[in-house]
Amino acid sequence: MVNLFGFQIEGLDLAAFLATMRVAFVAVTVLGAAIAWRGSNAKAAGRIILGVGIAGHALAWFATVFPLQNVYGANGSMDRENHLGWANVVALGFSPLRTFQVNHLHFEPLWPLLTAMAAGFDVDRVALVFQWAPLVIGIALLFAIRFAWARGMSQTPDTQAEAAFAALGALLLMAVPADFAGPFRNPWALSFLLKPNHALGLVLVPFAALAMARASDWKSRLWAGFVLHLMGWAFVIHMAFFVAGLGVFVALSFATRRSERVKDLIDAGTAIGANLLIVSPYLVMLVVAYPFLSGSDTYRLSPFSERPLEGPLRIGALFLLSVFGAWRSYKGGGRFGRILACQWLSAQIIWQAFPVLGLFGQAREQDEVFYWCRFWTGLFAGVGLFQAAQSFRPGARVLKGSDDARLHGVPAAITLILLAPSLVPGWWDPSSMDQYFIAARKPIPDWIAEPTRFIRTSTPVDAVFASDQNYARWIAAYGARRVLVSNSLNRPNDYRRRQEIERALLRDDSETLVAEGRDRYGLQYVLATSSPMDPALEGTLDLLKTRPHLEPVYDREFAETRVMILRIRQGNEEK
Amino acid sequence: MEAESLLGALRSMLEQEASIPALRAFLFLFGICGALAWFRGAPRLALSLIVAGGFFGLSFWFVQIRAPFGLGTDAELTRQWAQAGVNAVGKTPGSGFVWGTDEEPSLIGALATAGLPTRFVFWLPQTSALLSLVVLTLLPLMLIRSRTAAAFAASLAAAGGLWPGISHYGSLLLRPSLLVVLAGASGAAILLARRSRIRRGFNRSRPGLAAALIAAAALLRAIAGDAESGTLAPLLLLAASIALASPLRAFLRQASSSQAGARGLEAFGLLAIFTGSGLFWFDPPATLKGFSESRMSGAALRRPLQWIAQNVPLGDVILASAPYSASIAAFGGRRVLFPVSGDESRAGPLKEPLRRARLLESTLQGRPVERLAAAFSVTHLFLGPGEVTPPATETMDAVEEPVLRLVLVYQDVEDFRLFRLAKK
Chain A
808 MVNLFGFQIE
818 GLDLAAFLAT
828 MRVAFVAVTV
838 LGAAIAWRGS
848 NAKAAGRIIL
858 GVGIAGHALA
868 WFATVFPLQN
878 VYGANGSMDR
888 ENHLGWANVV
898 ALGFSPLRTF
908 QVNHLHFEPL
918 WPLLTAMAAG
928 FDVDRVALVF
938 QWAPLVIGIA
948 LLFAIRFAWA
958 RGMSQTPDTQ
968 AEAAFAALGA
978 LLLMAVPADF
988 AGPFRNPWAL
998 SFLLKPNHAL
1008 GLVLVPFAAL
1018 AMARASDWKS
1028 RLWAGFVLHL
1038 MGWAFVIHMA
1048 FFVAGLGVFV
1058 ALSFATRRSE
1068 RVKDLIDAGT
1078 AIGANLLIVS
1088 PYLVMLVVAY
1098 PFLSGSDTYR
1108 LSPFSERPLE
1118 GPLRIGALFL
1128 LSVFGAWRSY
1138 KGGGRFGRIL
1148 ACQWLSAQII
1158 WQAFPVLGLF
1168 GQAREQDEVF
1178 YWCRFWTGLF
1188 AGVGLFQAAQ
1198 SFRPGARVLK
1208 GSDDARLHGV
1218 PAAITLILLA
1228 PSLVPGWWDP
1238 SSMDQYFIAA
1248 RKPIPDWIAE
1258 PTRFIRTSTP
1268 VDAVFASDQN
1278 YARWIAAYGA
1288 RRVLVSNSLN
1298 RPNDYRRRQE
1308 IERALLRDDS
1318 ETLVAEGRDR
1328 YGLQYVLATS
1338 SPMDPALEGT
1348 LDLLKTRPHL
1358 EPVYDREFAE
1368 TRVMILRIRQ
1378 GNEEK
Chain B
46 MEAESLLGAL
56 RSMLEQEASI
66 PALRAFLFLF
76 GICGALAWFR
86 GAPRLALSLI
96 VAGGFFGLSF
106 WFVQIRAPFG
116 LGTDAELTRQ
126 WAQAGVNAVG
136 KTPGSGFVWG
146 TDEEPSLIGA
156 LATAGLPTRF
166 VFWLPQTSAL
176 LSLVVLTLLP
186 LMLIRSRTAA
196 AFAASLAAAG
206 GLWPGISHYG
216 SLLLRPSLLV
226 VLAGASGAAI
236 LLARRSRIRR
246 GFNRSRPGLA
256 AALIAAAALL
266 RAIAGDAESG
276 TLAPLLLLAA
286 SIALASPLRA
296 FLRQASSSQA
306 GARGLEAFGL
316 LAIFTGSGLF
326 WFDPPATLKG
336 FSESRMSGAA
346 LRRPLQWIAQ
356 NVPLGDVILA
366 SAPYSASIAA
376 FGGRRVLFPV
386 SGDESRAGPL
396 KEPLRRARLL
406 ESTLQGRPVE
416 RLAAAFSVTH
426 LFLGPGEVTP
436 PATETMDAVE
446 EPVLRLVLVY
456 QDVEDFRLFR
466 LAKK
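As given, the protein sequences belong to chains A and B, one line each in that order.
Terminal number for the first sequence in our numbering: 1382, no gaps in between.
Terminal number for the second sequence in our numbering: 469, no gaps in between.
Incorrect hints may have been included.
As the list claims (entries may be wrong) - Label-pair ranges, simulated between beta-carbon atoms:
id, chain 1, residue 1, chain 2, residue 2, range
1, A, Phe1061, B, Ser302, 25 to 35 angstroms
2, B, Ser64, A, Lys1249, 28 to 38 angstroms
3, A, Phe824, B, Arg251, 29 to 39 angstroms
4, A, Tyr1097, B, Ala331, 42 to 52 angstroms
5, B, Glu459, A, Gln1306, 44 to 54 angstroms
6, B, Ser302, A, Gln962, 34 to 44 angstroms
7, A, Phe824, B, Ser64, 54 to 64 angstroms
8, B, Val225, A, Ala1160, 43 to 53 angstroms
9, A, Leu819, B, Thr172, 37 to 47 angstroms
10, B, Gly431, A, Phe869, 45 to 55 angstroms
11, B, Ser302, A, Phe814, 31 to 41 angstroms
12, A, Ser1023, B, Arg251, 44 to 54 angstroms
No lab work stands behind these hints: they were computed from the structure.
The beta carbon of each residue, even a glycine, is placed where N, CA and C say it ideally should be.
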């Protein structure tokens, strides 16, 4: 058993390995606190905290991915397998605007394009990119928040340390130990390890806030709109949340009768307008490819559910600290601080709207809103605790404004120690808290691994498969080929036609449909299994072999199921 | 009988998923009322409400436990329950529940030896967890002189401490004897706090002490890992919470311009801490190994074991396959010849393993060797569903040494069977 780093992991003592990673992080944190205590100015304290954040994220990432023989989330997460499939087909040279369902318009095209580029358009490197992306994006988030905070907030000697605590909190206070038992599990793992594409949206948030805070003329407003639109390409839901936060920002500005309220309205309105204008092609793609406006029973929510409590309260005292941090930022952090604090408030408001949305079957993307809430709660909890520790320090008032170590190093040390039990890398035990970790430790079942290996190595890269729709995402994720329809993705608009073609291929009842499949969708292969298929197979697998338009190229019986791959003959090809 | 069926009905209601949001809503109500009471200047009432909420939340889960917690799912507790069953009978003092082994000392075993009825002993994990809430509430009240400060610290401790998502209740269910350690440490702290020099020293070094407790807790948690938070780490964090209660109040007073404002902040703080605690979000079916199993009554197995308890002589040893060993000892009160499945190494090397194996083999062949049965005091063979009934001895070839015959003395519809080893 070899992991993606190339190390043998068969004899790995998992419990000891994970404990070592956690202990190493606690040691780093305590060491950081000790160094800060001994006398650091604000800048040095900031660097120490940032170092703890980087070490923490890296250790938690390493603890999770090192013992895996597959990419995190493979073999267990449909989302992750979809993402792998998307990236694979772009790495093969197909358009990033299409998903692995042939000719299907994409609704998240940036991520597959970025991963394919990072892999050098080499499909064999895509898994490695997926392996490293969470580390890179987590660290990028730390630097992004620190960069924007240090430049956007009112400049005081504390700004550097505050910026570092904001970054640390946003990354490593996203989750609490009991989260894994809740409906949304560990937000850190789900955001950074499973969906780094969504985390990429978080990386852009501080830049969007900074651009917005600095907007004062048409040029800078348009620039803010441009940055905002980048968020949309990364993860459109984050863009929508951010826009909602700007709405709260303007509303509060008017409600509190701020002198710059009209300017706030013009700046936010222009940026949002520019953003919508630029991003409109994508929004059209989204509406066309992802029909999200119709309600569904899946998204109904009982008005008596515990959701309203879950978002803010599950994180306990950290929520309280985030209230304090957001309040302080709103009052004294200038325009940037007000924008960030309003994002925090808006996140809570959106979360509390779910019971109402649930009545109409529109409580969609609850997990994303939950993670968005946690991102802001963590960010302000980190800052809030530091500010609390700082103002409570004896003699703080006397020292205020100076760069005395007692005002920065000591509160930074206290904050680090107080946060230590709550920071993710100190308690993260994926072997008992993470189903995706457990799944990715196991080998991919042979009835998926072997046929997809055959597909990857023995079929042309432009081959399109009609198949059991349950199996289709594995063809894309592990076989790196496109499919006609997969039930793991939303349905293309011509879904019915595709389904008719699929049935025709399996039944031998329409040469016209088979020809259409070949010519319009580039179909070259059919994959069928002896398990109940979607669409259902009429007759036996052996009957498929007798179809005049099909030629078997792979047929293997596994303990779980039988898998058969058949080549579709060209129109003029004789049997 | 009526109480039993009422309890059964209550259990089946609470076991449903839909009852969990109702639990949380009730707990939230307790939290709100506690916070309101604090805001209105009634700290003792606030504390009482939070403690009541804690009791309510824990009882919600504990009442669902039917079998002794951890029996068959946690090796250490399984041994302790088995030992307690044998100790309760009192026929073989000092002897382990497996023939030829020594008793492993434990609180559970000691209570059973002391004559506490087994149904109370079986409730020890739940009782320990509930009592820990009492101890943690009383500790600040005894330690801190100012009534309000003591009530605040006690409320913090009862609410689950300052660190969210961490609680000791699950781990205390698994290691109930740690309650003794907790009570002992609390008693020592109370005694020490009576000395004014130590009290002054504590006040001077409070931040350092709290930092040490927190760092130690973080380290212990890091070492232990696992889904549950462990016992010691959460308790250290609760101790740190108690130590930090006064500085926290001072900070909140400093942050507010009025007394009412400070009380409001304190009340809000207590509410946030209570609703973010591991107690509020305690979800043992998802986090605690063995909880789901402990919800099952195992009534089918209890019937033959009850028969054993009533009909098999006290000092006798039962021959059974390893999966039944612990249950026979725990509920039947009789010793067994083989240890619990997969626990051989923990119990140490078993004396005379070959002779034991030979007795089992000969018994399963329908011709238990008399000499071995007498040596091990084995008088009965217990078989569960799916285990093959030994052939009648009449059909067997003649053997070299005296053997016993098997007489069926118990059989039920579930196919549990008990044979007496009788002389031919």
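To see whether the hints hold, each was checked on the structure:
About 26 angstroms separates the C-beta atoms of Phe1061/A and Ser302/B, a value consistent with the hinted range of 25 to 35 angstroms. Distance hint check for Ser64/B and Lys1249/A: the Cβ-Cβ separation is about 34 angstroms, which falls inside the suggested range of 28 to 38 angstroms. Range check, Phe824/A to Arg251/B: Cβ separation about 37 angstroms, and the 29 to 39 angstroms hint holds. Separation of Tyr1097/A from Ala331/B is about 32 angstroms and departs from the stated range, judged on CB atoms against 42 to 52 angstroms.
With their beta carbons about 50 angstroms apart, Glu459/B and Gln1306/A fall inside the hinted range of 44 to 54 angstroms. In this structure the supplied range 34 to 44 angstroms is violated for Ser302/B paired with Gln962/A, their Cβ-Cβ distance being about 27 angstroms. The hinted window of 54 to 64 angstroms between Phe824/A and Ser64/B is violated, with their beta carbons roughly 39 angstroms apart. Checked against the hint of 43 to 53 angstroms, the C-beta distance between Val225/B and Ala1160/A comes to roughly 49 angstroms, which is consistent with it.
Between Leu819/A and Thr172/B the CB atoms are about 40 angstroms apart, so this pair conforms to the stated range of 37 to 47 angstroms. The hinted window of 45 to 55 angstroms between Gly431/B and Phe869/A holds, with their beta carbons roughly 46 angstroms apart. For Ser302/B and Phe814/A, the hinted distance range of 31 to 41 angstroms is not satisfied, since their beta carbons lie about 60 angstroms from each other. Between Ser1023/A and Arg251/B the Cβ separation comes to about 49 angstroms, which falls inside the hinted range of 44 to 54 angstroms.
Of the numbered hints given earlier, the model fails hints 4, 6, 7 and 11; all others are met.
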